[in-house]
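Quick note, the sequences are listed as chains R and B, same order. Numbering-wise, my numbering puts 41 at position 41 of the first sequence, and it's gapless, one number per residue. Numbering-wise, my numbering puts 53 at position 53 of the second sequence, and it's gapless, one number per residue.
Hints listed in this document are in silico derivations from the structure and should not be mistaken for laboratory results. Wrong hints could be hidden among the right ones.
Said to hold, decoys possible - Beta-carbon label-pair distances, calculated as ranges:
#	chain 1	residue 1	chain 2	residue 2	range
1	R	D65	B	P42	32 to 38 Å
2	R	D103	B	P10	33 to 39 Å
3	B	Q45	R	T82	30 to 36 Å
4	R	D65	B	H46	32 to 38 Å
5	R	G73	B	D65	32 to 38 Å
Quick reminder that beta carbons are idealized off the backbone N, C-alpha and C, glycines included.
Number of protein chains: 2
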Amino acid sequence: MPFVTYATLPAKTILPGITGHYAHMEKITLGDVEVAAGTVLPMHQHPHDQFSYLLSGRVEFTVGDETRLLEPGQCAVIPGGTPHGCRALTACRILDVFSPARDDYR
Amino acid sequence: MPFVTYATLPAKTILPGITGHYAHMEKITLGDVEVAAGTVLPMHQHPHDQFSYLLSGRVEFTVGDETRLLEPGQCAVIPGGTPHGCRALTACRILDVFSPARDDYR
Numbered sequence: 001m002p003f004v005t006y007a008t009l010p011a012k013t014i015l016p017g018i019t020g021h022y023a024h025m026e027k028i029t030l031g032d033v034e035v036a037a038g039t040v041l042p043m044h045q046h047p048h049d050q051f052s053y054l055l056s057g058r059v060e061f062t063v064g065d066e067t068r069l070l071e072p073g074q075c076a077v078i079p080g081g082t083p084h085g086c087r088a089l090t091a092c093r094i095l096d097v098f099s100p101a102r103d104d105y106r
Numbered sequence: 001m002p003f004v005t006y007a008t009l010p011a012k013t014i015l016p017g018i019t020g021h022y023a024h025m026e027k028i029t030l031g032d033v034e035v036a037a038g039t040v041l042p043m044h045q046h047p048h049d050q051f052s053y054l055l056s057g058r059v060e061f062t063v064g065d066e067t068r069l070l071e072p073g074q075c076a077v078i079p080g081g082t083p084h085g086c087r088a089l090t091a092c093r094i095l096d097v098f099s100p101a102r103d104d105y106r
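Using the sequences plus the hints, can you model the full thing?
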């Protein structure tokens, strides 16, 4: 499967208001994620390193004890085990990258 | 460094016509890469798993012995050690994800 069309991948609802399409390799999961305006992703943590790259919209993101309003072209950097969460101020599109792969999302 | 503004990262020219901004974690490198129309990235390989997610433009991508014309929302999936290359039919913006991190890009 050397090529993927994200829109044709099964949609996975992470929680109400957060729906993504995810592709997986051995070491990486890459998700194209839509977040509805007003959605709150509560603080949580997992062992995977994560980048959350904002493609469109505005989101208030917390990593550890730092909170930042992100605009497109900005990215949250979340080392494995670090508590993080976010609140979408508008509808957002985010690319989420994880390593190791999110086997729980397969 | 829990937040990154890609445009403020140092620009790295991979070869003429391909310039990216790269952020690194322990296990992942994420690059926001601009490719000029007509640029050819010759076939090459590396041990890192790679996703190349097309954000804008049109690119002809080869992975192993398969070639595909990619449009935005499509992605090349390149397991470590797999020969790959591409040709930009228009100016393109691509998000490149690598694991392990590209220490040679730091």
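Here's how the hints hold up against the structure:
no., hint, verdict
1, D65(R) to P42(B): 32 to 38 Å, "violated, 46 Å"
2, D103(R) to P10(B): 33 to 39 Å, "holds, 34 Å"
3, Q45(B) to T82(R): 30 to 36 Å, "holds, 33 Å"
4, D65(R) to H46(B): 32 to 38 Å, "holds, 36 Å"
5, G73(R) to D65(B): 32 to 38 Å, "holds, 35 Å"
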